[in-house]
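Student: So you can see what is in the structure, the chains are spelled out below.
There are 2 protein chains.
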Amino acid sequence: MSVATNTVNSGAGPDPQASIAAERAQSKLNPTVMHYFLEGGVESAEDFKSLCQQMERDPILANDASYYDLTKSQQRELTVRRIARVAQYLEITRNRKSESMRSTILNLYDPSLGTRIGVNLGLFLGCVRGNGTKAQQKFWTQTKESEQLKGIYGCFGMTELAHGSNVAGLETTATFDKEADEFVINTPHIGATKWWIGGAAHSATHCSVYARLIVKGKDWGVKTFVVPLRDSNHQLMPGVSVGDIGAKMGRDGIDNGWIQFSSVRIPRFFMLQKFCRVSRDGEVTLPPLEQLSYTALLGGRVQMVMDSFRMSARFTTIALRYAVGRRQFKSAAQADGTETQLLNYPLHQKRLLPWLAQAYVFSVGAWKMEHTLTRVWDELDEAVEKNNMKAIMRSIDELKSVFIDSAANKSTSTWLTADLIDQCRQSCGGQGYSSYNGFGKAFNDWVVQCTWEGDNSVLAMSVGKPLIKAVKEVLQKNKEQTWSLAFLNDAKKYDNKNVLITSAADVVDMSKMIKAIEVLITRIAIQGMRVVAENNNSYDSVGAASLAISKLKAHYYMLQEYLARMASNEYKELTPYLQKLGQLYVTANVLEKFSGEFVGNYVVSPEVLNEVTNRTIPQICRDIRPDAIALTDSFQFSDFIINSAIGKHDGNIYENYYGTIKQLNPPQNTKASYSAEFETALNRASVDVRQRFERSGVAASILSE
Amino acid sequence: MSVATNTVNSGAGPDPQASIAAERAQSKLNPTVMHYFLEGGVESAEDFKSLCQQMERDPILANDASYYDLTKSQQRELTVRRIARVAQYLEITRNRKSESMRSTILNLYDPSLGTRIGVNLGLFLGCVRGNGTKAQQKFWTQTKESEQLKGIYGCFGMTELAHGSNVAGLETTATFDKEADEFVINTPHIGATKWWIGGAAHSATHCSVYARLIVKGKDWGVKTFVVPLRDSNHQLMPGVSVGDIGAKMGRDGIDNGWIQFSSVRIPRFFMLQKFCRVSRDGEVTLPPLEQLSYTALLGGRVQMVMDSFRMSARFTTIALRYAVGRRQFKSAAQADGTETQLLNYPLHQKRLLPWLAQAYVFSVGAWKMEHTLTRVWDELDEAVEKNNMKAIMRSIDELKSVFIDSAANKSTSTWLTADLIDQCRQSCGGQGYSSYNGFGKAFNDWVVQCTWEGDNSVLAMSVGKPLIKAVKEVLQKNKEQTWSLAFLNDAKKYDNKNVLITSAADVVDMSKMIKAIEVLITRIAIQGMRVVAENNNSYDSVGAASLAISKLKAHYYMLQEYLARMASNEYKELTPYLQKLGQLYVTANVLEKFSGEFVGNYVVSPEVLNEVTNRTIPQICRDIRPDAIALTDSFQFSDFIINSAIGKHDGNIYENYYGTIKQLNPPQNTKASYSAEFETALNRASVDVRQRFERSGVAASILSE
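Read top to bottom, the protein sequences are chains A and B.
In terms of the numbering used here, the first sequence has 644 at position 644, counting the first letter as 1, and numbering is strictly consecutive.
In terms of the numbering used here, the second sequence has 450 at position 450, counting the first letter as 1, and numbering is strictly consecutive.
Treat the hints loosely; a few may be bogus.
Since the list can't tell identical chains apart, any single copy or any two copies may satisfy a pair.
What the hints assert, rightly or not - In silico DSS-like cross-links for lysine-lysine, where the CA-CA straight-line distance does not exceed 30 Å:
#1 472 <-> 593
#2 469 <-> 512
#3 477 <-> 512
#4 479 <-> 465
#5 330 <-> 400
#6 572 <-> 144
#7 593 <-> 144
Keep in mind that the hints were calculated from the coordinates and are not lab data.
Note that the structure is a prediction, hence the values are computed from the model and not measured.
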């Protein structure tokens, strides 16, 4: 594809492929082994690769650059074709772990597809499992075959036009009609219209509706009901109005819709009754565990931390491959006459390597969160099964801690991943703006993760508030905190201005820095406690502090787990690499980003901060630089997953990019649909002609007579 | 459009319209007068409004929500139709100021259109004006009528596939053929392919090509040439290969293309020869002013600061209108039973009001930059005309200062505006993700501003380096700095650890804080100087410091001008409002964002920082809160410019939004193009049937015999 190599004027073009080959040749890191670490073990690492291969070879699931040219309707058509294909795999998959791995891969290369399936399997069925009786669970998931994307297809009717974060304030009503033994589902006004419901516009047959239970005039709060939307001929049920929400910033493949119910009747037993029950006579019983009914979104939040890891890995891979292939300007050090690789500039290292560190640290945190949630659910189920009240209360207590961690980690990791995609895009200059390099669509698809299933700011508040309360309990009532808040028990010890980190050497000791984060969170929480007291006990007054606490709590979680995994994992040859990445994370991603907080709260001295910025971070970047490509190869992404012309494994950035563009936009088509119109406009008659010479001298003299 | 208001189950819906009306009723600010301030005077304010009205009423230029549903080809068709329409206005407009105002409005509501016209008028003709002789200028701009988008249409051929920021390294060649008295334009290899060229794919007839001048085997560096791409029948010239770059993250309306030249011959006099001349005999003359030939992008950079102001204004308006109409959760203070307006939460004020302050401060800086550049160009032209060497050198000296300011301001303001659009989107929760509310498209269209016409990071480096050098000259050689670097002359005085700001009261004194920024820049530059010395005099080692210097320099410029305008403007009744916005900018947008730098460099004490975060900023936000709507009304944007369902003037967010969605996605269309395929998949036969019962018990017993 290179041009004019056989003519007089031809010259030698750039050879980025040679650059990336040289990077690989000189690194001693074994990417296969590092991949075991990143995927939490050999078994899931091999599973990841084999599932990717299966999808890459599948005629319907395979992706390429043409994906970036699809219109909204084309993308929706493709998504539906792919759902049908995934359904066939689901029918023959026996392994639940593999199913979960498959869904994380779908979220990575076709997020619309992942979501559209996730709405049914994760949210609709998650709601049924979380709130339905055993019999109800079996009926809706297995008897109706919806587990295999067959027969019925569910959507998740929580959000309304006027209520999102405030679930308890939802306004759709489910009024019990004792005579008919039915609930009447109704949308009282425009604000209560179910909104953003994924799959509602054209696909879903059923909806798990969050509505206020009204029995004998009494409002029992928001409960869940399965409401059929379409009959078996896929026609809308009477009383059900549905519309397409239309164009969105991203995730074009999802048919988000709005739903209004006009006195829609469902049998009483369509109410999900694991917790709250309504008897034939209209007696309402609320068992003590009802607080668990709000946990439907927990699994999704944990999954988003995993998505954050994978998406971070994908885009650092693209940006770093480009950064070694691309050369710009000559630095004095460059003896061979070529220009300098972008990644040899200290600023470029600083721009990209902390994101690489993020992918690594997130991988450990994501796996840990996933395992923890599974374990806690299992323990709780067992305790409930055995009616072991002590074990139940212990699990509920741990669940509260999981709730805090998942809220902090979901919000922090999705925000940082949005930043990462955009910063990696910018680091590729103009090429980052081409759709075929993957950034634009990924960003647009991604950012909704910061809003849905718990708005990030609201989640952060929900982390800050309990931490500030906890520190207050410790200081004022000596109450001991448990689980992930246990570190606050040392609050008294740190309620002062003693500077913890006074030497730059301490900063690269990860355990010291983890301690420093602990102290910083404690001090911000203590200050928050005082501001709350000054403001009539209003926690609204500490929004900004809560935000900082939540983000720091997430970094704290991630780093603790990373340090633990580094110590416990069997591949000791990886330690030097992991160590550097951890040090970079703690300095560049935590200390520098919160420098005002660290110095302002006397945790780190100003001298150390200056040293870290001017010397420590540049040095760690220099140390990681030679292995940058091997560290991204370790994610083991094939070109199919990467789907970026400048991000392919061979590093042949210019030929791949130019080739993709020529293939999808053949230069033989020299005219566009608007060419004729443009040419006519360009070659239009003069303004005098078009004004019929009415302003000419002749006209002037006549008209002035 | 409200539903079911006449049925038994109906209830009262939200009434956001009443909320916004109440906001307007209680504010004492006069938005018309404030608009005079924002537009730099009555004349341009009235011009702005009258141009908006003209466009809003024009059948082709008017915009509405259907704009967000256009596919790439539809958008390109619309853009071309609009170009033809704008051309008609250009033919009858006598006022240059109005023309420039019109282009800033186009950039605001249809950036693809603005760019596509700007590439011809601003870049192509800018290159001709900057580099051509008087006769060449007249020929290409007036004789050929291209000034009025007529006859010929130019594109700007600077960037190549392998070279963007490094303009001096471009590889396209222009070889002088003395015998034929022609230049031969050639693309030597794939890397030298002209890339991203706006308008090249299907529209442009000519290109201002940046190519290496080769005469008698000697490479004279990069010069500019007008090269025809298409003939008067709009067919590609022989030797010219052009292709469509295809899908991009945004600006779908622009037909960016690539161009390869295969020994394309142009007459010698197609070279732009204001500075460098090639005689009939191949004698090359380079006059002393050649350094001015690289200033073609300066006008664009200044315009981007103006774009930043307007775009910041547009999206803070939308987000703040939503924030007063939307209510969520009940706070204790809410006595009337309604939920709390989002903007009454301190965190929400903190999230949005600093962006409002940004729009205000940017407005002043943008106007100032525009006036300064015009003045300096005019003075230089006059000096050149009169051949006044002293005046010429003075203007060139000031131009260097303008270059630094424009680089710092362009990069900082485009980055911050990208953040602003995205943060404002997030503040609207899920509604921010709907295309019809404007954020997604605006962000995608916007972010290329951070990359083109000077990559922001490269520009920031180009600010940091001269400042560090200047501080070194001051400290080591007592050399006096001029123009915008003059403040560095005090460097010796501040080369210490004396803390400047030790009281929170100082922080709201804008002139003290401007001084503090000055000192901070000085100290970072001094540290940078030392790091450079440690690293073999390599300025690459201070990339991160340069970035901070550049951003702070931009804030410094903006705040200085803001303070000056506040003092000099005639509408004294505005001062209390302007004062608060300036204080918020200096504390939330500068001090907090650079808190690590301020405290780490001993400019601000830790105590002050804590006080600012916990008390000062929340208090300023509370003070501004009551006038938030009036302050956005002051931008005087009609609904046509806003083009956001939740951002309309009447504040009727839910009805407007729901109405837009229903209109553009009629719920009568209950089936999608993929419905049949989906339904077939859902109602598929069982897996046993589809496997032809080959795995049944019967088959098993037969096959196992």
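Student: Against this structure, judge whether each hint is valid.
Tutor: Hint-by-hint comparison with the structure:
1. Taking the shortest alpha-carbon separations for residue 472 and residue 593, both the intra-copy value of 27 Å and the inter-copy value of 29 Å come in at or below 30 Å.
2. Proximity of residue 469 to residue 512 under the C-alpha cut-off of 30 Å is restricted to the intra-copy arrangement: shortest distance 26 Å within a copy versus 38 Å between copies.
3. In this assembly of identical chains, the alpha carbons of residue 477 and residue 512 lie at most 30 Å apart only when taken from the same copy (28 Å versus 44 Å across copies).
4. Proximity of residue 479 and residue 465 under a CA criterion of 30 Å is satisfied intra-copy only: 16 Å inside one chain copy versus 55 Å between copies.
5. Within a single copy, residue 330 and residue 400 get their C-alpha atoms only as close as 56 Å, which misses the 30 Å cut-off; across copies the closest is 23 Å, which meets it.
6. For a Cα distance limit of 30 Å, the shortest separation of residue 572 from residue 144 qualifies neither inside one copy, at 49 Å, nor across copies, at 72 Å.
7. In this homomeric assembly, residue 593 and residue 144 never come within 30 Å of each other (Cα to Cα): the closest approach is 50 Å inside a single copy and 55 Å across copies.
Comparing the model with each earlier hint shows violations of hints 6 and 7; every other hint is respected.
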